[in-house]
Amino acid sequence: MNKSLTELKDEELIKDFQDSNTLEAYEILVRRYKDPLMNFVYRFVGDRDVCTDIVQDTMIKFYLNKDSYRSFAKFSTWIYTIAGNLAKNELKRRRRRSIFSISNNDDEKTPQIEDKMFRSPEKIADGEIRNEIIQKALLKVKPVYREVVVLRDIQDLSYEEISEITGLAIGTVKSRINRGRAQLQKLLKHIYKE
Amino acid sequence: MKTIYNENENNYSKMIKDLQNLPKIDAPENFEYNLMTRIKNKNFGKIEEEKQSFNWIKFLAPSAVVVTAIILLFVFLPASQQINNPLLNPAQNVDSQSILSNNIEEGSNAAKNNSLQNKNSAALNSSPVTSPNSSRSINRIDKNFLLSSSRPGVSLDDYISGSSHQRDMLRGNIVNGGNELTPNDGFFISEKPDQNTLNKYRAQLDSLRKAQLKADSLKKALKMP
Chain A
45 MNKSLTELKD EELIKDFQDS NTLEAYEILV RRYKDPLMNF VYRFVGDRDV CTDIVQDTMI
105 KFYLNKDSYR SFAKFSTWIY TIAGNLAKNE LKRRRRRSIF SISNNDDEKT PQIEDKMFRS
165 PEKIADGEIR NEIIQKALLK VKPVYREVVV LRDIQDLSYE EISEITGLAI GTVKSRINRG
225 RAQLQKLLKH IYKE
Chain B
435 MKTIYNENEN NYSKMIKDLQ NLPKIDAPEN FEYNLMTRIK NKNFGKIEEE KQSFNWIKFL
495 APSAVVVTAI ILLFVFLPAS QQINNPLLNP AQNVDSQSIL SNNIEEGSNA AKNNSLQNKN
555 SAALNSSPVT SPNSSRSINR IDKNFLLSSS RPGVSLDDYI SGSSHQRDML RGNIVNGGNE
615 LTPNDGFFIS EKPDQNTLNK YRAQLDSLRK AQLKADSLKK ALKMP
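Line by line, the protein sequences give chains A and B. Using my numbering, read the first sequence as starting at 45 and increasing by one per residue. Using my numbering, read the second sequence as starting at 435 and increasing by one per residue.
Note that these hints are calculated values from the structure, not bench results. Quick caveat, the model's predicted, so the values are computed rather than measured. No residue lacks a Cβ here, since even glycine has one placed at the ideal position from N, Cα and C. Watch out, some of these pointers could steer you wrong.
To be verified - Some residues of chain A that are not near chain B, with every Cβ distance over 12 Å (derived): (1) 50; (2) 51; (3) 54; (4) 63; (5) 64; (6) 115; (7) 116; (8) 119; (9) 135; (10) 138.
To be verified - Computed cross-link-like contacts, DSSO-like style, restricted to lysine-lysine with a CA-CA straight-line distance of at most 27 Å: (11) B:458 - A:53; (12) A:110 - B:448; (13) B:476 - A:132; (14) B:448 - B:458.
Unchecked claim - Derived contacts from chain A toward chain B, CB cut-off under 10 Å, selection only: (15) 79; (16) 82; (17) 92; (18) 174; (19) 178; (20) 179; (21) 197; (22) 222; (23) 229; (24) 235.
Input sequences plus hints: build the corresponding full structure.
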């Protein structure tokens, strides 16, 4: 029975979960999507602990609202939408906190990438540092652009899927991706000198 | 359109490649265990609270807007829709005119009465009608009096029998209840006859009479043996 469940598609699994209300199908879906969602949320929010909480909340929301899923939509887009909304809420909460906090220390929340830009080219060539710089630059891109860039260039989703997840028209998705890439490249001009 | 985006992808190809090569972030090992524990313990935290919470601001803000709009509608709409009834205005004019004209007459009568009263008794001088400070009360009395008794009446009997020798133009005035002459009473169209047309018709009538006389004389001549 379990073997057959693992062979099922996402949509078939959620159908099974909706009908029988057993946790087996749910667990399989969690196993399939926990890592892609972690990656997406981490690249979007930039904090590992917060990211873990968001993905946990995403899975709980999926568990509680399983009946709100409709079979005409792809399960992947549905779960990405939930995770994206929770990640956006977290960013809003952070922004509110930064506005109302008395000791507004921006250095802690938005890491300065400029200091690292002036490291020697040998160090930039080092993979880890390079990835760190890219991640920090990504967090400086506007959230509306960052979301679509992460979905497209890191998660490797199609324009249609991104359009479904964000609820935007495909044209808007494309233009936002383009603007996001332009912003990112501007921030990373020391790496991509051309 | 597609080519534009493809060109853009080529522009950012290095960066896109780096983004794709970023290390994948995996969920912690105890992720599933923690999740299932939360589900079994029904520890849904903020998510359930969010689901159950009722946002009063979201409810009150639109309802307050609607209520304000309704109040404004009731406050301002009747004032802006004051309808001038054209049927009422002429009557008001007539009333005001008649009151004005009669007011003058009554004013003079009141003055006469006052002088008589002054002559007859000194006690009456203290009355509110004759006191100088009470000009308002005089006017009020005069108006009431005017409205009740001194309106010009329409003597219909005389009018029907024809005993009232009034001009046609005055008829409308009597009906209107006013004292002023109206340029047109609306019933009688006074047209001056044209002299040329009169002469023309007279000439035609004369020629007809002459022809009739000739015809009669001829008949008589024929009847004669």
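For each hint, the structure was consulted:
1. With 12 Å as the threshold on Cβ separation, the claim that residue 50 (chain A) sits away from chain B holds: the shortest Cβ distance comes to roughly 15 Å.
2. The beta carbon of residue 51 (chain A) is kept farther than 12 Å from every beta carbon of chain B, the shortest such distance being approximately 20 Å.
3. For residue 54 (chain A), the condition that its CB be more than 12 Å from all CB atoms of chain B holds, with the nearest at approximately 17 Å.
4. A cut-off of 12 Å between C-beta atoms confirms that residue 63 (chain A) is not in contact with chain B; the least separation is 18 Å.
5. The claim that residue 64 (chain A) is not at the interface with chain B holds, since no C-beta of that chain comes within 12 Å of its own (minimum 16 Å).
6. With a least CB separation of 23 Å from chain B, residue 115 (chain A) remains clear of the 12 Å interface cut-off, as annotated.
7. At roughly 24 Å from the closest C-beta of chain B, the C-beta of residue 116 (chain A) stays outside 12 Å, upholding its exclusion from the interface.
8. Chain B leaves residue 119 (chain A) outside its interface by the beta-carbon criterion, the shortest separation being 17 Å against a cut-off of 12 Å.
9. With a minimum CB-CB distance of about 16 Å to chain B, residue 135 (chain A) clears the 12 Å threshold, and the non-interface call stands.
10. Every Cβ of chain B is farther than 12 Å from the Cβ of residue 138 (chain A); the closest lies at roughly 15 Å, confirming the non-interface assignment.
11. Between residue 458 (chain B) and residue 53 (chain A) the alpha-carbon distance is near 23 Å, which keeps this suggested pair within the 27 Å criterion.
12. Note on residue 110 (chain A) and residue 448 (chain B): the hinted pairing is violated, with a Cα-Cα distance of about 40 Å set against a maximum of 27 Å.
13. Between residue 476 (chain B) and residue 132 (chain A), the direct Cα distance comes to roughly 25 Å. Compliance with the 27 Å bound is thereby established for this hinted pair.
14. With a C-alpha separation of about 18 Å, the suggested pair residue 448 (chain B) and residue 458 (chain B) falls inside the 27 Å cut-off, and the hint holds.
15. With a least beta-carbon distance of about 5 Å to chain B, the hint placing residue 79 (chain A) at the interface is held under the 10 Å criterion.
16. Checking residue 82 (chain A) against chain B by beta carbon gives a least distance of about 5 Å; that is within 10 Å, so the hint holds.
17. Against a cut-off of 10 Å between C-beta atoms, the interface hint on residue 92 (chain A) holds, since the closest Cβ of chain B lies about 7 Å away.
18. Contact between residue 174 (chain A) and chain B, as hinted, is supported at the beta carbon level, the nearest pair being about 7 Å apart and thus within 10 Å.
19. Annotation: residue 178 (chain A) was flagged as interfacial toward chain B, and the flag holds, the nearest CB pair being 6 Å apart, inside 10 Å.
20. Because the closest C-beta pair between residue 179 (chain A) and chain B is about 7 Å apart, less than 10 Å, the hint holds.
21. Checking residue 197 (chain A) against chain B by beta carbon gives a least distance of about 4 Å; that is within 10 Å, so the hint holds.
22. Look at residue 222 (chain A): its Cβ gets to within about 5 Å of chain B, closer than 10 Å, so that hint holds up.
23. Below 10 Å, beta-carbon pairs count as interface contacts, and residue 229 (chain A) has one with chain B at about 6 Å; its hint therefore holds.
24. Hint on residue 235 (chain A) holds. Least Cβ distance to chain B is approximately 8 Å, under the 10 Å limit.
Hint compliance for this structure: hint 12 is the single one not met.
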